[in-house]
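Chains as they are written, first to last, in our numbering: chain R, 280 to 747; chain C, 21 to 124.
Treat the hints with caution; some may be incorrect.
[Stated by the list, open to error] Distance windows between CB atoms, simulated:
(1) P108/C / R452/R: 35 to 41 Å
(2) E111/C / E447/R: 49 to 55 Å
(3) G57/C / A445/R: 42 to 48 Å
(4) E678/R / P35/C: 21 to 27 Å
It should be emphasised that the hints constitute simulated quantities derived from the structure, not laboratory data. Ideal Cβ placement from N, Cα and C applies to all residues, glycine included.
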Amino acid sequence: MSEQVLKKEMGLAPGEARYPGEPSTQDIIARDRVPAPDWVRSESYEFLGDEDVSIDRYIDPAFAAVEFDKLWTRTWQFACREEHIPEVGDYYVYDIGRRSFIIARVAQDEVRAYYNACLHRGTMLRAPGTDGCAQEFKCSFHGWSWNLDGSLKQALCDWDFPHVKAEEYSLPRARVELLAGFVFINMDHDAPSLADYLGPEFMAQISQWGLEDRYTYCHVSKTLPANWKLSMAAFMEAYHVLDTHPQVAVSNADANSQYDVYGEHVDRFISTLGVLSPHLKGKYTEQDVFNQFTLGDSSVAGDAPRQLKEGETARQCMADMIRQAFETQSNTDLSKVSDSELLDCFSYTLFPNTFLFPGISLPMVYRFRPAPGDHRKTIYEVFFLRPVPKDGSRPDPAEPVYLRDDQSFTEAQGMDPGFGAILDQDTENLILQQAGLEASAKPGITLGNYQEIRVRHFERAVDKYVSG
Amino acid sequence: MPGEFTRFCALAEIPKGSKKAAKLDDKWVLVCHTNDGLFAVSGICSHQEKPLFNGRVRNCKITCPVHGARFDLATGAALDLPATKPIPTYEVRVSDDWIEVCLD
Numbered sequence: 280m281s282e283q284v285l286k287k288e289m290g291l292a293p294g295e296a297r298y299p300g301e302p303s304t305q306d307i308i309a310r311d312r313v314p315a316p317d318w319v320r321s322e323s324y325e326f327l328g329d330e331d332v333s334i335d336r337y338i339d340p341a342f343a344a345v346e347f348d349k350l351w352t353r354t355w356q357f358a359c360r361e362e363h364i365p366e367v368g369d370y371y372v373y374d375i376g377r378r379s380f381i382i383a384r385v386a387q388d389e390v391r392a393y394y395n396a397c398l399h400r401g402t403m404l405r406a407p408g409t410d411g412c413a414q415e416f417k418c419s420f421h422g423w424s425w426n427l428d429g430s431l432k433q434a435l436c437d438w439d440f441p442h443v444k445a446e447e448y449s450l451p452r453a454r455v456e457l458l459a460g461f462v463f464i465n466m467d468h469d470a471p472s473l474a475d476y477l478g479p480e481f482m483a484q485i486s487q488w489g490l491e492d493r494y495t496y497c498h499v500s501k502t503l504p505a506n507w508k509l510s511m512a513a514f515m516e517a518y519h520v521l522d523t524h525p526q527v528a529v530s531n532a533d534a535n536s537q538y539d540v541y542g543e544h545v546d547r548f549i550s551t552l553g554v555l556s557p558h559l560k561g562k563y564t565e566q567d568v569f570n571q572f573t574l575g576d577s578s579v580a581g582d583a584p585r586q587l588k589e590g591e592t593a594r595q596c597m598a599d600m601i602r603q604a605f606e607t608q609s610n611t612d613l614s615k616v617s618d619s620e621l622l623d624c625f626s627y628t629l630f631p632n633t634f635l636f637p638g639i640s641l642p643m644v645y646r647f648r649p650a651p652g653d654h655r656k657t658i659y660e661v662f663f664l665r666p667v668p669k670d671g672s673r674p675d676p677a678e679p680v681y682l683r684d685d686q687s688f689t690e691a692q693g694m695d696p697g698f699g700a701i702l703d704q705d706t707e708n709l710i711l712q713q714a715g716l717e718a719s720a721k722p723g724i725t726l727g728n729y730q731e732i733r734v735r736h737f738e739r740a741v742d743k744y745v746s747g
Numbered sequence: 021m022p023g024e025f026t027r028f029c030a031l032a033e034i035p036k037g038s039k040k041a042a043k044l045d046d047k048w049v050l051v052c053h054t055n056d057g058l059f060a061v062s063g064i065c066s067h068q069e070k071p072l073f074n075g076r077v078r079n080c081k082i083t084c085p086v087h088g089a090r091f092d093l094a095t096g097a098a099l100d101l102p103a104t105k106p107i108p109t110y111e112v113r114v115s116d117d118w119i120e121v122c123l124d
């Protein structure tokens with residue numbers, strides 16, 4: 280049924296239509312045995328227009344250049360996790376475009392972000408993409424060095440540099456804020472605080488997730504063959520699940536997922552799992568739904584038999600199974616965690632480049648960065664997080680596994696192969712989408728009012744920064 | 021012909037998670053006791069011959085504290101710039117609660 284038809288017949292305003300005759304995400308969650316918290320049981324959709332979104336943003340290298348100048352320099356970005364730099368002196372190099380930052384723990388409770396370039400003749404003080412521990416940051420070219428606090432320690436042969444005043448040669452810094460175990464940086468010293476940037480509703484939600492008490496047990500990086508915004512948008516809706524991921528649709532309420540926007544920089548969907556897609560109604564049994572359930576970490580479910588008893592639902596059994604198996608495996612108490620948090624896919628975008636998935640069965644963080652010098656490529660990373668064991672011992676964060684362009688995500692050590700297959704399917708689409716947009720006679724992409732609201736919301740934020 | 025092992029230090033001197041550098045036959049040797057066992061490598065970075073002694077060990081790799089080069093403790097391979105050349109690795113064993121290293 281078209282939007283126009285619905286509006287005419289039911290008096291619905293644009294964006295109010297939902298998949299006809301099916302329970303909403305909230306209806307599904309309301310039936311669960313262990314009830315969901317308020318942050319799950321709320322909605323925040325907003326209609327943001329229905330005009331096409333211009334495609335120059337995806338195909339024009341000049342647009343990418345403007346993004347580097349105006350967007351990446353003024354937004355809060357996830358640079359690393361605090362677990363990457365637990366000790367004073369630990370550092371992690373975060374690279375974005377031609378910029379590079381040394382994210383350093385300079386005191387037990389203070390993290391700084393230094394521009395990663397020697398103030399003498401510009402050599403990087405640390406190689407891109409590296410991490411380690413330092414007592415000082417020393418340039419490998421002529422040996423100029425800086426203390427951990429960024430103050431100039433030594434300019435070799437200082438008799439030759441009477442014009443170099445130490446007080447003017449501290450390492451320049453970007454702003455840093457810590458939130459839920461994440462280190463965020465922003466190059467704009469006039470930008471709002473991170474809390475204001477993300478907004479009060481999201482801040483209230485993330486404070487309940489305990490992400491600071493998780494550790495990275497798997498970290499995979501691969502270059503995706505498309506513009507960074509296309510790559511991100513590929514993960515913003517469940518609308519594509521039916522055709523792109525048919526193996527998932529059997530156990531995913533894709534067409535009746537919920538979409539929400541929060542202010543300018545945060546949006547989310549909730550996609551319930553253990554429920555048959557409305558598109559497939561009548562074609563599969565409840566046992567099929569149970570059998571097809573896909574997890575980000577299938578080891579959580581262990582080898583438990585998957586056989587439903589009379590009257591049992593796949594969703595409830597899956598919740599019970601995950602709760603028990605995960606408690607045992609990770610030595611964690613999940614008795615008060617709702618069925619929805621255990622099962623469902625909660626996907627949040629934090630503009631510009633981070634996805635958070637606070638659920639248990641799909642416990643990921645995504646980071647997307649444009650590849651320097653190629654607007655058709657994206658550096659994509661997925662971090663899988665697990666709760667820190669109850670005994671408090673915190674494992675070292677996993678090192679990144681770097682996949683070559685021709686490698687499948689299913690080859691990534693530590694990643695569930697079923698999850699890797701999903702990412703491969705998304706990658707295959709992206710190759711054709713990038714090429715198709717370049718081949719197209721149509722100047723814009725067309726978006727659904729509800730299911731693709733996150734894409735529109737995201738591109739509105741892009742427009743705001745690029746035009747501002 | 022198997023090489024000759026030389027006593028490095030008592031095992032108790034390097035508990036898991038720690039490391040120790042010492043000169044053996046005029047070579048700086050660094051022994052790291054990791055979750056994956058004992059590893060002996062050159063104590064000198066291949067990049068600019070700076071000591072690796074205070075480098076951070078994580079996931080069986082050591083990072084030079086001076087310029088940030090990183091090396092695989094098992095193979096000696098240089099993993100990150102600015103180093104492009106490996107560091108020597110040495111066989112290591114425990115005998116009678118002593119750590120022994122073979123420099124051959």
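Cross-check of the supplied hints:
1. P108/C / R452/R: 35 to 41 Å: holds, 39 Å
2. E111/C / E447/R: 49 to 55 Å: holds, 52 Å
3. G57/C / A445/R: 42 to 48 Å: Distance hint for G57/C, A445/R holds at roughly 45 Å.
4. E678/R / P35/C: 21 to 27 Å: holds, 23 Å
Going down the numbered hints, you'll see the structure goes against none, and every one checks out.
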